[in-house]
Amino acid sequence: MIWVETVMQGVTLGGLYALFAAGLYLVLGVMRLANLAHGAFIVLAAYVILLLASLLEIGPLLAALIAAPALFAAGWLLQRLLLNRLLGEDILPPLLVTLGLSIVIQTGLEKGLSAQSRRISPGPLETATVEVGPAVVSLLPLLSLGSAVLVVLVLQWVALRTATGRALRAISDDPATASMVGISPPRLLAGVTGVSLVVATIAALHAGTLAEFQPASGTAYLIIAFEAVLIGGLGSPWGALAGGIVLGVAQTAGAALDPEWEVLAGHVAFLAVLLVRPRGLFPRASG
Amino acid sequence: MTKPFLETLELDADYGDCRALFGVEVGLAEGETVAVIGANGAGKSTLLRSIAGLVRNAPEMVRLDGRPIGALSAEQVTRLGISTVPQGRRLFPSLSVEENLLIGGRHGRSKGQWSLGTVYGLFPMLRERRKAPATALTIGQQQMAAIGRALMSNPRILLCDEIGLGLPPELIRDIYAILPRIREAGASVVLAEQDIGRALRVADRVYCLTAGRVTLLGRPEHMRRHDIHDAYFGVRA
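Chains as they are written, first to last, in numbering that gives the first Met the number 0: chain A, 0 to 286; chain B, 0 to 236.
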């Protein structure tokens with residue numbers, strides 16, 4: 000039964016990775032902007048939750064609920080004031096600016112709050128477990144998988160069932176023609192980046208309660224998010240979930256064989272999937 | 000010509016890094032159909048894209064009801080009632096046929112006769128294929144969907160950029176046969192067209208563009224074949 004538990008652990012870990020990936024997927028899918036600051040945003044959100052929880056003496060969930068609108072506003076402003084001006088034929092300016100932003104966030108957190116590792120206390124949930132069939136699984140990772148599924152369902156529903164989602168798919172297909180049918184990309188894209196930061200806040204809540212983090216953790220989050228998105232492909236938010244689970248299972252399976260293989264196994268799985276399906280498991284329809 | 004409600008004044012515009020239009024002045028009156036003819040690269044598309052806001056210009060270079068709109072963005076121009084059927088159709092591949100139509104109607108003027116129902120009435124084929132992805136349509140159906148998408152905003156002015164390009168002749172005839180219906184619904188039409196004969200048959204007035212300049216204009220019945228020929232090919236620019 001050890002294998003069942005390993006796979007279950009991998010799948011739930013994949014839920015966390017899917018949360019890392021979902022926000023990145025959103026921005027990359029809609030506006031072709033590879034946001035290199037996404038990992039730093041997750042770390043920033045984790046610190047905001049941590050500070051709110053300790054200052055106001057509230058639980059992490061409530062702190063995240065307070066943090067989410069603030070981070071939405073930050074993302075909205077970032078897109079309106081900065082990123083919208085950088086979108087265009089040349090993909091380099093947004094890469095450089097978001098890379099710079101991630102460095103600013105990381106060093107800012109190091110100077111302001113020290114480079115020491117922190118953790119958001121999950122309270123009594125920490126040791127809770129549930130039995131899933133023959134396996135016993137900790138509750139916290141299971142909750143992050145549940146959150147990931149929920150996030151993907153909401154993104155999918157908005158994309159396919161609402162007028163806003165229709166407009167976003169149109170922008171993603173062809174921004175010039177989208178503006179020709181009266182869609183105003185700058186405003187909608189500000190909302191997209193805002194939502195991607197809300198998703199980053201959800202990811203931060205789970206990442207910060209599951210394990211320790213420090214200002215430099217963003218890089219690792221970003222790499223996992225990128226690998227999950229590329230494994231999943233840009234055709235559907237389910238790709239982010241599938242990509243996260245592939246990485247999670249590969250890492251826990253690798254770790255079960257030899258603890259040193261944990262991280263390497265994830266990268267190997269990433270390369271293997273791309274060798275077989277270069278455009279990911281859920282590729283975009285192309286015009 | 001009655002007083003134009005859409006006009007360009009000394010319009011200079013660039014296509015990429017090259018100047019494509021030099022002091023172009025065209026006008027469109029309410030209810031009129033105007034054809035802009037010219038060879039490949041004469042500046043027809045750039046003219047339409049300048050009016051549509053896809054090429055931004057000085058404000059005074061394009062006027063609608065006397066109001067300068069040359070510097071407005073494409074989405075602002077669309078909301079003022081100027082809608083485009085772009086060259087090459089440019090349907091959204093991730094959207095179904097019906098979604099392509101709906102997106103056209105979202106930011107237009109709500110008053111008017113065009114809706115999903117009337118567009119499907121005009122193109123029954125589209126109703127049958129409404130759930131299909133736009134990319135699954137034949138090229139003729141795609142052209143119909145592109146026209147339908149533009150009509151859904153109930154435009155005052157419909158800009159049609161080479162709507163016959165790449166289509167077989169019988170389909171071009173079908174597409175052109177619906178122009179009167181579009182005019183009856185209250186839209187004025189600007190057609191960019193390489194085919195002189197077709198332009199002369201449907202247009203109230205014709206402008207000929209040669210290398211970015213208006214070289215001839217007039218009513219089709221007053222225009223002589225060889226003058227058009229000379230203007231079109233730039234024999235006497």
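Hints in this document: simulated from the structure, not taken from any laboratory.
All figures in this text were calculated on a predicted structure; none of them were measured in a lab.
Each residue gets a CB set at the ideal place from its N, CA and C atoms; glycine is no exception.
Careful: at least some of the hints might be erroneous.
Claimed, not checked - Not the full set, but computed from the structure, chain A residues with beta-carbon under 7 Å of chain B:
no.: 1; residue: 87
no.: 2; residue: 118
no.: 3; residue: 163
no.: 4; residue: 165
no.: 5; residue: 169
no.: 6; residue: 178
no.: 7; residue: 180
no.: 8; residue: 181
no.: 9; residue: 183
no.: 10; residue: 259
no.: 11; residue: 263
For each hint, the structure was consulted:
1. Taking 7 Å as the C-beta cut-off, the interface hint given for residue 87 (chain A) is violated, the closest approach to chain B being about 14 Å.
2. Because the beta carbon of residue 118 (chain A) sits about 41 Å from the nearest beta carbon in chain B, more than 7 Å, this interface hint is broken.
3. Interface hint status for residue 163 (chain A): violated, as the beta-carbon distance to the closest one in chain B is roughly 10 Å, over 7 Å.
4. A distance limit of 7 Å between C-beta atoms decides the matter here; for residue 165 (chain A) the minimum to chain B is near 5 Å, and the interface restraint holds.
5. Annotation: interface hint on residue 169 (chain A) holds; nearest CB of chain B at approximately 5 Å, less than 7 Å.
6. Satisfaction of the interface hint for residue 178 (chain A) is found here, the shortest Cβ-Cβ separation to chain B being roughly 4 Å, below the 7 Å cut-off.
7. Interface hint at residue 180 (chain A): satisfied, since its Cβ lies 5 Å from the closest Cβ of chain B, which is below the 7 Å cut-off.
8. The interface hint given for residue 181 (chain A) is met, as the beta carbon of that residue sits about 3 Å from the closest beta carbon of chain B, less than 7 Å.
9. Using the Cβ-Cβ criterion of 7 Å, the hint placing residue 183 (chain A) at the interface with chain B is satisfied: the shortest such distance is roughly 5 Å.
10. Below 7 Å, beta-carbon pairs count as interface contacts, and residue 259 (chain A) has none with chain B, the closest being about 43 Å; its hint is therefore violated.
11. The closest approach between the C-beta of residue 263 (chain A) and any C-beta of chain B is roughly 36 Å, which is over the 7 Å cut-off, so the hint fails.
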